[in-house]
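Visitor: Start from the sequences and build out the full structure, keeping to the hints where you can.
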Amino acid sequence: AGIEDGQTLVLEGQGEAGEKGAAAGDLYIIVRVEKDKKFSRQGQDILSSEKIPFSIATLGGKVEVETLAEKLILKIPSGTQSGEVFRLKNSGIYSSSKRVRGNQLIKIIVEIPKRVSRRQEELLRELEEEGL
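In the numbering used here, the protein residues as written are 1 to 132.
It should be emphasised that the hints constitute simulated quantities derived from the structure, not laboratory data. Model, not experiment: these values are computed from the prediction. Glycine residues also receive a C-beta, built at the ideal position from the N, C-alpha and C atoms. Treat each hint with caution, since some may be false.
Calculated pairs, BS3-like style, for lysine-lysine (alpha carbon to alpha carbon, straight line, at most 27 Å) [claimed, not checked]:
(1) K35 - K107
(2) K37 - K71
(3) K37 - K107
Here are the computed distance ranges between Cβ atoms for each label pair [as the list claims (entries may be wrong)]:
(4) G15 - K51: 42 to 50 Å
(5) Y28 - L59: 52 to 60 Å
(6) S117 - I30: 49 to 57 Å
(7) S96 - E34: 16 to 24 Å
Guide: Next comes the structure, spelled out in structure tokens:
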């Protein structure tokens, strides 16, 4: 919690024993944070993206989103555009003091189907005629 890639931890007196009975040295640990497929980090904030169907983007609705700790329901307002970012407060990384916690920023990606059924195409044509 609160540690960053490349940060060095020093454990005093935990290194190799000194020569001729001298005190043990310090142990230096350089942290490497493995990349995740779903999440990335920007300071204390967690970044992710969520794909939603065209219908939810247009009409609004709810989608289940994954955080570091749990799954939550995110309310999507009608008219949401691809690329919009929603903030889940206090769902990020704790600072090293654990007094402050970052947010999770979720970028919305509106999925446009590559193929539609005949019925879906008919409905889309009707919507097109109505100006949508």
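Visitor: All hints are to be evaluated individually against the structure, with a verdict given for each.
Guide: Evaluation of the provided hints:
Among the hinted pairs, K35 with K107 is consistent with the structure: their alpha-carbon atoms are about 18 Å apart, no more than 27 Å. The hinted pair formed by K37 and K71 meets the criterion: a straight-line CA distance of about 17 Å does not exceed 27 Å. Taking the CA atoms of K37 and K107, the gap is about 15 Å. The hint holds against a cut of 27 Å. Judged by the Cβ atoms, the range 42 to 50 Å given for G15 and K51 holds: they are separated by roughly 48 Å.
Take Y28 and L59: their Cβ atoms lie about 56 Å apart, and the range 52 to 60 Å holds. In this structure, S117 and I30 meet the distance hint of 49 to 57 Å, their C-beta atoms being roughly 55 Å apart. Checking the proposed 16 to 24 Å range against S96 and E34 shows it holds: the Cβ atoms sit about 19 Å from each other.
In the structure shown, no violation is registered for any of the earlier numbered hints.
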